[in-house]
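Protein chains: 2
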Amino acid sequence: MAERVVEEVSNKQVILRDYVSGFPKESDFELRTSKIRLNVAQGSKSVLVKNLYLSCDPYMRGRMRNPIGTSPITGDGVARVIDSGHPNFKKGDLVWGMPGMTAYIGFYEVGSPKEGEYVFVSAASGAVGQLVGQFAKLKNCYVVGSAGSKEKFTSVCVANIKFPDHNFCCFRHVLFNLRLPDGIDIYFENVGGKMLDAVLLNMRLHGRIPVCGMISQYNLEETEGVHNLFCLITKRVRMEGFAVFDHYSLYPKYLDTVLPLIREGKITYVEDIAEGLENAPKALIGLFSGRNIGKQVVLVARE
Amino acid sequence: MAERVVEEVSNKQVILRDYVSGFPKESDFELRTSKIRLNVAQGSKSVLVKNLYLSCDPYMRGRMRNPIGTSPITGDGVARVIDSGHPNFKKGDLVWGMPGMTAYIGFYEVGSPKEGEYVFVSAASGAVGQLVGQFAKLKNCYVVGSAGSKEKFTSVCVANIKFPDHNFCCFRHVLFNLRLPDGIDIYFENVGGKMLDAVLLNMRLHGRIPVCGMISQYNLEETEGVHNLFCLITKRVRMEGFAVFDHYSLYPKYLDTVLPLIREGKITYVEDIAEGLENAPKALIGLFSGRNIGKQVVLVARE
Chain U
1 MAERVVEEVS
11 NKQVILRDYV
21 SGFPKESDFE
31 LRTSKIRLNV
41 AQGSKSVLVK
51 NLYLSCDPYM
61 RGRMRNPIGT
71 SPITGDGVAR
81 VIDSGHPNFK
91 KGDLVWGMPG
101 MTAYIGFYEV
111 GSPKEGEYVF
121 VSAASGAVGQ
131 LVGQFAKLKN
141 CYVVGSAGSK
151 EKFTSVCVAN
161 IKFPDHNFCC
171 FRHVLFNLRL
181 PDGIDIYFEN
191 VGGKMLDAVL
201 LNMRLHGRIP
211 VCGMISQYNL
221 EETEGVHNLF
231 CLITKRVRME
241 GFAVFDHYSL
251 YPKYLDTVLP
261 LIREGKITYV
271 EDIAEGLENA
281 PKALIGLFSG
291 RNIGKQVVLV
301 ARE
Chain B
1 MAERVVEEVS
11 NKQVILRDYV
21 SGFPKESDFE
31 LRTSKIRLNV
41 AQGSKSVLVK
51 NLYLSCDPYM
61 RGRMRNPIGT
71 SPITGDGVAR
81 VIDSGHPNFK
91 KGDLVWGMPG
101 MTAYIGFYEV
111 GSPKEGEYVF
121 VSAASGAVGQ
131 LVGQFAKLKN
141 CYVVGSAGSK
151 EKFTSVCVAN
161 IKFPDHNFCC
171 FRHVLFNLRL
181 PDGIDIYFEN
191 VGGKMLDAVL
201 LNMRLHGRIP
211 VCGMISQYNL
221 EETEGVHNLF
231 CLITKRVRME
241 GFAVFDHYSL
251 YPKYLDTVLP
261 LIREGKITYV
271 EDIAEGLENA
281 PKALIGLFSG
291 RNIGKQVVLV
301 ARE
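Quick note, the sequences are listed as chains U and B, same order. Last residue of the first sequence: 303 in the working numbering, with the numbers rising by one and none dropped. Last residue of the second sequence: 303 in the working numbering, with the numbers rising by one and none dropped.
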């Protein structure tokens with residue numbers, strides 16, 4: 001039996017020192033370097049991948065918390081298969097991109113949009129929001145979004161996604177009576193807290209609120225109270241939390257919808273790329289102060 | 001042409017003196033007596049009824065408010081037709097009872113119950129809650145309820161509705177870990193505020209919250225903030241406000257379901273009856289301090 005060559009290389013890891021309360025700091029993370037072998041053990045069905053890109057996402061904040069955090073921090077990214085004992089994967093395969101399927105599920109499946117409806121998206125220049133805005137526009141909805149700054153809105157939502165200005169407006173302090181005088185049919189919720197309270201007062205009859213995230217609340221010791229939930233009754237609003245991993249059975253349908261749109265240039269995507277795994281903590285923390293412009297990714301390796 | 005005899009009688013009315021802020025008082029109402037004719041004008045399609053019973057309901061509080069209150073206070077009841085110019089109604093007909101259809105719609109249509117699920121009902125001895133508990137039991141759900149006092153719970157939920165004690169428990173301070181250690185699939189929301197916050201932490205994956213009312217908030221100048229809405233995401237909960245009048249197309253289905261159950265004694269109903277229209281303000285106000293035991297009605301006339 002031929003002996004396999006076992007190659008060892010240096011491998012960087014970012015480790016969380018402890019559970020985090022309040023706003024996360026770079027010193028909560030530690031960069032460690034160790035050695036790993038570039039082969040899967042013989043007989044194992046494991047797959048060994050080299051990470052090329054990693055995704056930084058707000059939901060990760062919840063996984064840093066004790067005692068609510070019950071799972072290790074997981075993440076998505078793009079990786080190249082280096083070695084595989086599994087029949088479905090072979091060396092050289094590229095595995096998974098960050099799909100924006102969250103936006104797809106939240107808008108189409110949870111939001112149940114109809115043509116001509118009024119859609120409001122918070123964090124509209126973010127990873128999920130920038131896709132929701134485009135999906136809503138493709139559905140012939142009237143879309144208004146909010147972003148953390150005029151700069152973000154202009155560079156992501158207007159310049160890159162090329163939304164006509166009148167159709168997709170930026171405002172930090174939301175003036176619903178000006179931008180959406182007839183109210184909101186679908187609020188795609190990324191922010192929570194005071195934004196949600198303001199939106200609730202402006203919902204239309206039988207409106208829907210797909211709840212994707214509440215980033216404004218993740219680093220608070222005590223969350224802001226939401227006072228206007230009674231509007232759920234007066235407007236008969238459906239508010240529904242969702243998680244993309246409950247809906248992966250729809251992945252083929254998602255690809256069938258989105259891939260042609262990307263190829264035809266009908267959907268574009270703005271990324272904010274941090275270079276090197278050692279910059280991952282800073283990139284991740286930056287999400288919570290709104291430092292990123294567009295979807296935050298970390299470039300780990302250029303193959 | 002024969003002349004119709006026009007009979008005039010004395011007629012009592014309860015009138016709201018002004019919009020109400022804070023807790024409503026008896027002095028906010030005024031009893032007026034006037035004369036009315038007991039005939040419908042010739043050629044008119046109007047129907048004149050004599051009210052026998054009127055229903056006092058928490059939603060009425062919203063109609064007393066300025067500027068949110070935009071409709072006059074409407075109400076349900078049971079009445080006898082005295083005169084009619086309308087082809088569908090004739091003298092002597094009884095019109096409308098207070099149906100408990102709110103409980104039916106909220107539980108079956110909005111709650112989407114499955115056999116064996118864990119159901120929690122707040123205000124379980126109230127007009128809607130006492131029916132929701134019975135519907136849930138008929139669906140083979142495990143039901144737990146809360147009421148404003150042990151007395152209410154015992155006299156309405158245990159003694160009259162004859163729920164086995166272990167299946168339908170009373171507690172003012174809700175101990176979910178004791179009563180519903182595996183969590184809640186359906187929370188039938190009648191109360192709001194702190195109760196909702198406590199429930200959110202105890203919801204099960206893919207739980208539902210039909211939002212029928214939030215009585216704890218109706219008389220507050222500033223409503224309590226709800227802090228745990230993030231649980232909508234972590235548990236993928238659907239929270240949905242509803243109003244019975246959106247669902248009247250289901251009225252025949254409701255009657256087909258409920259009438260046999262009432263005849264077979266499988267559904268019972270506890271009423272708290274105030275005698276005389278002059279006692280209507282006190283009865284209505286009593287809802288907000290929890291004075292009533294069971295469904296509050298006003299007996300206006302014994303025919």
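Don't take each hint at face value.
If we take Cβ atoms under 7 Å as the criterion, some of the chain B residues that face chain U in the derived model are [stated by the list, open to error]: (1) His86; (2) Val158; (3) Leu220; (4) His227; (5) Phe230; (6) Leu232; (7) Ile233; (8) Gly241; (9) Arg291.
Cross-link-like lysine-lysine pairs, in silico, BS3-like; alpha carbons within 30 Å at most [unchecked claim]: (10) U:Lys139 x B:Lys235; (11) U:Lys114 x B:Lys253; (12) U:Lys137 x U:Lys45; (13) B:Lys45 x B:Lys25; (14) U:Lys235 x B:Lys139; (15) B:Lys253 x B:Lys266; (16) U:Lys50 x U:Lys114; (17) U:Lys235 x B:Lys194; (18) U:Lys235 x B:Lys25; (19) U:Lys25 x B:Lys235; (20) B:Lys114 x U:Lys253; (21) B:Lys90 x B:Lys12; (22) U:Lys45 x U:Lys35; (23) B:Lys90 x U:Lys253; (24) U:Lys150 x U:Lys35; (25) B:Lys253 x B:Lys25; (26) B:Lys253 x B:Lys282; (27) U:Lys114 x B:Lys235; (28) B:Lys114 x B:Lys137; (29) B:Lys235 x B:Lys114; (30) U:Lys139 x U:Lys12; (31) U:Lys35 x U:Lys91; (32) B:Lys35 x B:Lys45; (33) U:Lys194 x B:Lys194; (34) B:Lys35 x U:Lys235; (35) B:Lys194 x B:Lys35; (36) U:Lys90 x U:Lys137; (37) U:Lys139 x U:Lys253; (38) U:Lys194 x B:Lys114; (39) B:Lys114 x U:Lys235; (40) U:Lys235 x B:Lys235.
In case anyone wonders, no lab produced these hints; they're calculated from the structure. Because the structure is a prediction, the values reported are computed rather than measured. The C-beta atom is built at its ideal place from N, Cα and C for all residues, glycine as well.
Now for the hints, and whether the structure bears them out:
1. Taking 7 Å as the C-beta cut-off, the interface hint given for histidine 86 of chain B is violated, the closest approach to chain U being about 30 Å.
2. Interface restraint check: valine 158 of chain B against chain U, minimum CB-CB distance 29 Å, threshold 7 Å, status violated.
3. Below 7 Å, beta-carbon pairs count as interface contacts, and leucine 220 of chain B has none with chain U, the closest being about 10 Å; its hint is therefore violated.
4. Because the smallest distance between the Cβ of histidine 227 of chain B and any Cβ of chain U comes to about 5 Å, under 7 Å, the interface hint for this residue holds.
5. For the restraint placing phenylalanine 230 of chain B at the interface with chain U, the shortest Cβ-Cβ distance is roughly 5 Å, inside the 7 Å limit, so the hint holds.
6. The interface hint given for leucine 232 of chain B is met, as the beta carbon of that residue sits about 3 Å from the closest beta carbon of chain U, less than 7 Å.
7. Interface hint status for isoleucine 233 of chain B: upheld, as the beta-carbon distance to the closest one in chain U is roughly 4 Å, under 7 Å.
8. Here the hint on glycine 241 of chain B is kept, as its CB sits about 3 Å from the closest CB of chain U, short of 7 Å.
9. Contact between arginine 291 of chain B and chain U, as hinted, is not supported at the beta carbon level, the nearest pair being about 23 Å apart and thus beyond 7 Å.
10. Between lysine 139 of chain U and lysine 235 of chain B, the direct Cα distance comes to roughly 29 Å. Compliance with the 30 Å bound is thereby established for this hinted pair.
11. Of the pairs offered as hints, the one joining lysine 114 of chain U and lysine 253 of chain B holds, with about 28 Å between alpha carbons and a cut-off of 30 Å not exceeded.
12. The straight-line distance between the Cα atoms of lysine 137 of chain U and lysine 45 of chain U is roughly 44 Å, outside the 30 Å bound, and the hint therefore fails.
13. Among the hinted pairs, lysine 45 of chain B with lysine 25 of chain B is inconsistent with the structure: their alpha-carbon atoms are about 38 Å apart, more than 30 Å.
14. For the hint linking lysine 235 of chain U to lysine 139 of chain B, the alpha-carbon distance of about 29 Å falls within 30 Å, and the restraint holds.
15. The hinted pair formed by lysine 253 of chain B and lysine 266 of chain B meets the criterion: a straight-line CA distance of about 17 Å does not exceed 30 Å.
16. Proposed proximity of lysine 50 of chain U and lysine 114 of chain U is contradicted: the alpha carbons are some 42 Å apart, above 30 Å.
17. Using a Cα cut-off of 30 Å, the hinted pair lysine 235 of chain U and lysine 194 of chain B holds, with the two alpha carbons roughly 22 Å apart.
18. Simply put, lysine 235 of chain U and lysine 25 of chain B have alpha-carbon atoms about 28 Å apart, close enough for the 30 Å limit, and the pair holds.
19. A hinted pair counts as satisfied when its Cα atoms are at most 30 Å apart, and lysine 25 of chain U with lysine 235 of chain B qualifies at roughly 28 Å.
20. Restraint check for lysine 114 of chain B and lysine 253 of chain U: satisfied, since their Cα atoms lie roughly 28 Å apart, inside the 30 Å limit.
21. This hinted pair checks out: lysine 90 of chain B and lysine 12 of chain B have alpha carbons roughly 24 Å apart, not beyond 30 Å.
22. Restraint check: the Cα-Cα separation between lysine 45 of chain U and lysine 35 of chain U comes to about 21 Å, which is no more than 30 Å; the hinted pair holds.
23. For the suggested pair lysine 90 of chain B and lysine 253 of chain U, the alpha carbons sit about 58 Å apart, so the restraint of at most 30 Å is broken.
24. About 45 Å separates the Cα atoms of lysine 150 of chain U and lysine 35 of chain U, which puts this hinted pair outside 30 Å; it is violated.
25. For a cut-off of 30 Å, the pair hint linking lysine 253 of chain B to lysine 25 of chain B is broken: about 39 Å separates their Cα positions.
26. Restraint check for lysine 253 of chain B and lysine 282 of chain B: not satisfied, since their Cα atoms lie roughly 35 Å apart, outside the 30 Å limit.
27. For a cut-off of 30 Å, the pair hint linking lysine 114 of chain U to lysine 235 of chain B stands: about 27 Å separates their Cα positions.
28. Note on lysine 114 of chain B and lysine 137 of chain B: the hinted pairing holds, with a Cα-Cα distance of about 11 Å set against a maximum of 30 Å.
29. A C-alpha spacing of about 17 Å is found between lysine 235 of chain B and lysine 114 of chain B, which places the hinted pair at or below 30 Å, so the restraint holds.
30. Only pairs whose Cα atoms come within 30 Å are accepted, and lysine 139 of chain U paired with lysine 12 of chain U is rejected, the gap being roughly 44 Å.
31. Restraint check: the Cα-Cα separation between lysine 35 of chain U and lysine 91 of chain U comes to about 20 Å, which is no more than 30 Å; the hinted pair holds.
32. Distance check on the hinted pair: lysine 35 of chain B and lysine 45 of chain B sit about 21 Å apart at the alpha-carbon level, within 30 Å; holds.
33. At most 30 Å may separate the alpha-carbon atoms for a hinted pair to count; lysine 194 of chain U and lysine 194 of chain B meet this at roughly 18 Å.
34. Under the criterion of a C-alpha separation no larger than 30 Å, the hint pairing lysine 35 of chain B with lysine 235 of chain U is inconsistent with the structure, at around 39 Å.
35. For the proposed pair lysine 194 of chain B and lysine 35 of chain B, the alpha carbon gap of about 48 Å is over 30 Å, so the pair is violated.
36. Distance hint between lysine 90 of chain U and lysine 137 of chain U is unfulfilled; the C-alpha atoms sit about 39 Å from each other, more than 30 Å.
37. Taking the CA atoms of lysine 139 of chain U and lysine 253 of chain U, the gap is near 17 Å; set against the 30 Å cutoff, the hint holds.
38. The hinted pair formed by lysine 194 of chain U and lysine 114 of chain B fails the criterion: a straight-line CA distance of about 35 Å is larger than 30 Å.
39. Using a Cα cut-off of 30 Å, the hinted pair lysine 114 of chain B and lysine 235 of chain U holds, with the two alpha carbons roughly 27 Å apart.
40. Under the criterion of a C-alpha separation no larger than 30 Å, the hint pairing lysine 235 of chain U with lysine 235 of chain B is consistent with the structure, at around 24 Å.
Taken one by one, the earlier hints fail for this structure at numbers 1, 2, 3, 9, 12, 13, 16, 23, 24, 25, 26, 30, 34, 35, 36, 38, listed in ascending order.
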